[in-house]
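Q: Please model the complete structure; the sequences and the hints are all you need to start from.
2 protein chains.
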Amino acid sequence: MYNKKAYALGSKRSIIREIFEYSKVRAQEIGTDKVYDFSLGNPSVEPPKEVTETIKNLISTNNQTLLHGYTSAQGDLAVRTVISQNINSRFALNLTPNNIYMTCGAAASLSICLKAVMNEGEECIVFSPFFTEYRVFVENAGGKLVVSNPNFDTLQIDLEDFNSKITENTKAVIINSPNNPSGVVYSEEIILKVCSILEQKQAEFGHDIYLISDEPYRELVYGDVKVPYLMNYYKNTMVCYSYSKSLSLPGERIGYIAVNPDMNNSSEVYLAVCGAGRSLGYVCAPSLFQKVIEKCINAKVNIDAYKQNRDIIYNALTEYGFDCVKPDGAFYLFVKSPDGDAYSMYEKAKKHEILLVPCDDFGIKGYVRIAYCVDKKRIENSLDAFMKLAKDYSL
Amino acid sequence: MYNKKAYALGSKRSIIREIFEYSKVRAQEIGTDKVYDFSLGNPSVEPPKEVTETIKNLISTNNQTLLHGYTSAQGDLAVRTVISQNINSRFALNLTPNNIYMTCGAAASLSICLKAVMNEGEECIVFSPFFTEYRVFVENAGGKLVVSNPNFDTLQIDLEDFNSKITENTKAVIINSPNNPSGVVYSEEIILKVCSILEQKQAEFGHDIYLISDEPYRELVYGDVKVPYLMNYYKNTMVCYSYSKSLSLPGERIGYIAVNPDMNNSSEVYLAVCGAGRSLGYVCAPSLFQKVIEKCINAKVNIDAYKQNRDIIYNALTEYGFDCVKPDGAFYLFVKSPDGDAYSMYEKAKKHEILLVPCDDFGIKGYVRIAYCVDKKRIENSLDAFMKLAKDYSL
Numbered sequence: 001m002y003n004k005k006a007y008a009l010g011s012k013r014s015i016i017r018e019i020f021e022y023s024k025v026r027a028q029e030i031g032t033d034k035v036y037d038f039s040l041g042n043p044s045v046e047p048p049k050e051v052t053e054t055i056k057n058l059i060s061t062n063n064q065t066l067l068h069g070y071t072s073a074q075g076d077l078a079v080r081t082v083i084s085q086n087i088n089s090r091f092a093l094n095l096t097p098n099n100i101y102m103t104c105g106a107a108a109s110l111s112i113c114l115k116a117v118m119n120e121g122e123e124c125i126v127f128s129p130f131f132t133e134y135r136v137f138v139e140n141a142g143g144k145l146v147v148s149n150p151n152f153d154t155l156q157i158d159l160e161d162f163n164s165k166i167t168e169n170t171k172a173v174i175i176n177s178p179n180n181p182s183g184v185v186y187s188e189e190i191i192l193k194v195c196s197i198l199e200q201k202q203a204e205f206g207h208d209i210y211l212i213s214d215e216p217y218r219e220l221v222y223g224d225v226k227v228p229y230l231m232n233y234y235k236n237t238m239v240c241y242s243y244s245k246s247l248s249l250p251g252e253r254i255g256y257i258a259v260n261p262d263m264n265n266s267s268e269v270y271l272a273v274c275g276a277g278r279s280l281g282y283v284c285a286p287s288l289f290q291k292v293i294e295k296c297i298n299a300k301v302n303i304d305a306y307k308q309n310r311d312i313i314y315n316a317l318t319e320y321g322f323d324c325v326k327p328d329g330a331f332y333l334f335v336k337s338p339d340g341d342a343y344s345m346y347e348k349a350k351k352h353e354i355l356l357v358p359c360d361d362f363g364i365k366g367y368v369r370i371a372y373c374v375d376k377k378r379i380e381n382s383l384d385a386f387m388k389l390a391k392d393y394s395l
Numbered sequence: 001m002y003n004k005k006a007y008a009l010g011s012k013r014s015i016i017r018e019i020f021e022y023s024k025v026r027a028q029e030i031g032t033d034k035v036y037d038f039s040l041g042n043p044s045v046e047p048p049k050e051v052t053e054t055i056k057n058l059i060s061t062n063n064q065t066l067l068h069g070y071t072s073a074q075g076d077l078a079v080r081t082v083i084s085q086n087i088n089s090r091f092a093l094n095l096t097p098n099n100i101y102m103t104c105g106a107a108a109s110l111s112i113c114l115k116a117v118m119n120e121g122e123e124c125i126v127f128s129p130f131f132t133e134y135r136v137f138v139e140n141a142g143g144k145l146v147v148s149n150p151n152f153d154t155l156q157i158d159l160e161d162f163n164s165k166i167t168e169n170t171k172a173v174i175i176n177s178p179n180n181p182s183g184v185v186y187s188e189e190i191i192l193k194v195c196s197i198l199e200q201k202q203a204e205f206g207h208d209i210y211l212i213s214d215e216p217y218r219e220l221v222y223g224d225v226k227v228p229y230l231m232n233y234y235k236n237t238m239v240c241y242s243y244s245k246s247l248s249l250p251g252e253r254i255g256y257i258a259v260n261p262d263m264n265n266s267s268e269v270y271l272a273v274c275g276a277g278r279s280l281g282y283v284c285a286p287s288l289f290q291k292v293i294e295k296c297i298n299a300k301v302n303i304d305a306y307k308q309n310r311d312i313i314y315n316a317l318t319e320y321g322f323d324c325v326k327p328d329g330a331f332y333l334f335v336k337s338p339d340g341d342a343y344s345m346y347e348k349a350k351k352h353e354i355l356l357v358p359c360d361d362f363g364i365k366g367y368v369r370i371a372y373c374v375d376k377k378r379i380e381n382s383l384d385a386f387m388k389l390a391k392d393y394s395l
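Protein sequence lines, in the order shown, are assigned to chains B and X.
Numbering follows the working numbering, in which position 258 of the first sequence is assigned residue number 258; successive positions increment by one, without gaps.
Numbering follows the working numbering, in which position 22 of the second sequence is assigned residue number 22; successive positions increment by one, without gaps.
Don't read these hints as lab results, they were simulated from the structure.
Please note: incorrect hints may appear among the correct ones.
No copy labels: a pair is met if it fits in one copy or bridges any two.
Computed list of lysine-lysine pairs in BS3-like fashion (alpha-carbon distance at most 30 Å, straight line) [said to hold, decoys possible]:
{"id": "1", "residue 1": "K377", "residue 2": "K34"}
{"id": "2", "residue 1": "K5", "residue 2": "K165"}
{"id": "3", "residue 1": "K226", "residue 2": "K336"}
{"id": "4", "residue 1": "K235", "residue 2": "K5"}
{"id": "5", "residue 1": "K326", "residue 2": "K165"}
{"id": "6", "residue 1": "K12", "residue 2": "K144"}
{"id": "7", "residue 1": "K365", "residue 2": "K12"}
{"id": "8", "residue 1": "K144", "residue 2": "K4"}
{"id": "9", "residue 1": "K235", "residue 2": "K4"}
{"id": "10", "residue 1": "K300", "residue 2": "K56"}
{"id": "11", "residue 1": "K235", "residue 2": "K12"}
{"id": "12", "residue 1": "K24", "residue 2": "K295"}
{"id": "13", "residue 1": "K235", "residue 2": "K201"}
{"id": "14", "residue 1": "K12", "residue 2": "K165"}
{"id": "15", "residue 1": "K201", "residue 2": "K5"}
{"id": "16", "residue 1": "K49", "residue 2": "K295"}
{"id": "17", "residue 1": "K226", "residue 2": "K165"}
{"id": "18", "residue 1": "K201", "residue 2": "K4"}
{"id": "19", "residue 1": "K295", "residue 2": "K56"}
A: Below, the structure written as structure tokens:
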């Protein structure tokens, strides 16, 4: 028989996929502009002009055989140099190209990192709400996912709960800030305490616990909010980065893993990352986009558009009486279902042509996610429907 | 502790990497044109002009947010449609887009396929000489690699040996034709017999055995040699394809898995492929190059250049007295060390500035691999050195 676990993963009912299919059909029935689809985290803002210009230059002027040729498994030296310098200048660190491993995006970064550090039966702690694929990657690495609940008022980390979830088997902790699906940025105060707890537990158990910072949304923060760079707070840190959101290139699968040079056994862990990538079938990150990143390291998408969207939808929904934490980053709004049932809110919203994602799978019951990475008009046009939804709940 | 197995894989001495480093240093010492480096399987022929033109069009005329956006996990419907039609028209089959799963290249295709069909402790048979990474991917899927020895005169499959290696635990068989590292194309006669043995064994053991056709070199064959399309010979076949060699795009990581619609439980196996891809961290194949493949499905690299290289080097080396099977495909020549020792031949050749890969890790002792995907001049200039090497062996 084929592999039952792989089959179960491949055939699992996916609510997001169902919404995607429904949205297409419904748009044909009543028109795209009448369907308020907020289900997908696909960036709506164009990639920076530099990206397109760089691709144009690369294919016009370079040796095409070299341009599209294999790079070394850890990535082209030039792009790794530029990335390490960029990190050093922004966060006062001392990375070298040999601390950087280029990947096919954030999912690859995470699955490789986990495979590199975890052993059969060890535990990885995640903070709810969390990106559902964490469970898949942790289990693929032979590990067990342990969920730590948040402070339900702020959706920040609940330090007491976190402390109680760490055991002798804890090998890794994933922090995702700005957070998908809540948009919350964990404060420096919380990060300092999380790291202090981890230091204590490392000393108590006498082994390393790795902090994995999953941060594809780092550049998407609004106002003067700061996202602490975890290597500055905790030695045993690995950063999983992706350019999917920061350059609006999610389909191109380009990102990296940065291994803190000050980590214990840093070079061995880096080699374990190389080995894990090899065993999962990653030969190198896409070569054209490695060169694009090298040339566009300082390029930025227009995040003002996302900020405008956030302000409109957050202000409107709270005015209508919905309960949600104001997101400081990413492009998601995480809304509490007024009757505590995420699926019934999803169904009720659908009647007003609003498509939301019920989030029970994100490790916290009774919330829906609104991805506001859409055209501003869609948000403006949807507000009446949201008002009607609020009335359904007598808010 | 970090994962020891991943570390071992990442830190393993790689002879090809060592040669790569040595080659760079030596080129600086005596000049690039004096170093006859035949170690790397990096295509030397340019990608077809259509590829560059298509990229130029896509980035000039398309919506860039959509162009670089996520595709569905199995790949964009348009490219899967074009690929299935292309397979159907060439091999008289009836695939649909739902039999095609786009991947990040051949290594991804293989690791996903193996993860989709194998269970802990089951066996996968490979034919030596074989691409060394097969062992890594089989072991990552929890399987055990079993090596079947070739007929040593022809390097074709030894049917008796193959038959003896199949056990109740055999779940998969990988066929790589044209073969890396030998360049041998398995004949239709051999394929018919391999498939007939597999049918018998399936009946005997009462379970499916999957034939995995790893065929990145399918389009690189010389003269009127035909490479049998395995779905035409055996129902439980999955094809792992990559455009790395056929379009000279190895760094871009683009390929696919085709699951035979006539296979037992074909749609379940396809879903297992989707699930395996998900668990390994593959979100989708690079989106720009999915669209490139859609538009360039009939594009071809200039394989005449490879054929010329093959003829020059094969004719010269056999004239000098070396023993090798004439390769009908790929861009490798697999040469027997005159004293049976691959490493001493590698060292002796190095003294004449020839860089070859000793192939003991490819599952067959005493051979070296010459990758003739290089500039024709390098081959012509190297012939004197090969003649001297022959004299060292008193050939």
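Q: Within a copy, between copies, both or neither: where do K365 and K12 come within 30 Å Cα-Cα?
A: Within one copy, since 19 Å is at most 30 Å while 46 Å is not.
Q: When Cα atoms must be at most 30 Å apart, do K235 and K12 count as within-copy, between-copy, both, or neither?
A: Only across copies: K235 and K12 sit 26 Å apart there, 38 Å inside one copy, limit 30 Å.
Q: For K226 vs K165, is the C-alpha pair at or below 30 Å within one copy, between two copies, both, or neither?
A: Within one copy only: 27 Å inside, 61 Å across.
Q: Could you figure out if K5 and K165 sit no more than 30 Å apart (CA to CA) within one copy, between two copies, both or neither?
A: both (27 Å within a copy, 27 Å between copies)
Q: Classify it for me, K235 with K4: is the Cα-Cα distance of at most 30 Å met within a copy, between copies, both or neither?
A: Classified as between: cross-chain Cα gap 20 Å, same-chain 39 Å, threshold 30 Å.
Q: Using 30 Å as the alpha carbon limit, work out where K144 and K4 are close: within a copy, between copies, both or neither.
A: Both ways: K144 and K4 sit 19 Å apart in one copy and 18 Å across, limit 30 Å.
Q: Given a CA cutoff of 30 Å, do K235 and K5 count as a within-copy pair, a between-copy pair, both, or neither?
A: Between copies only: 23 Å across chains, 35 Å inside a chain, cut-off 30 Å.
Q: Within a copy, between copies, both or neither: which one fits K49 and K295 at a CA-CA cutoff of 30 Å?
A: Both. Shortest intra-copy (12 Å) and inter-copy (24 Å) distances satisfy the 30 Å Cα cut-off.
Q: Is it within, between, both or neither when you check K12 against K144 at 30 Å Cα-Cα?
A: both (20 Å within a copy, 28 Å between copies)
Q: Evaluate K24 and K295 at a C-alpha cut-off of 30 Å and name the case that applies: within, between, both or neither.
A: between (37 Å within a copy, 25 Å between copies)
Q: Checking an output row: K235 and K201, CA cutoff 30 Å. Within, between, both or neither?
A: Result: close within a single copy only, 14 Å intra versus 55 Å inter.
Q: At most 30 Å between C-alpha atoms: does K12 with K165 qualify within a copy, between copies, both, or neither?
A: within (28 Å within a copy, 36 Å between copies)
Every hint from the earlier list agrees with this structure, and none is contradicted.
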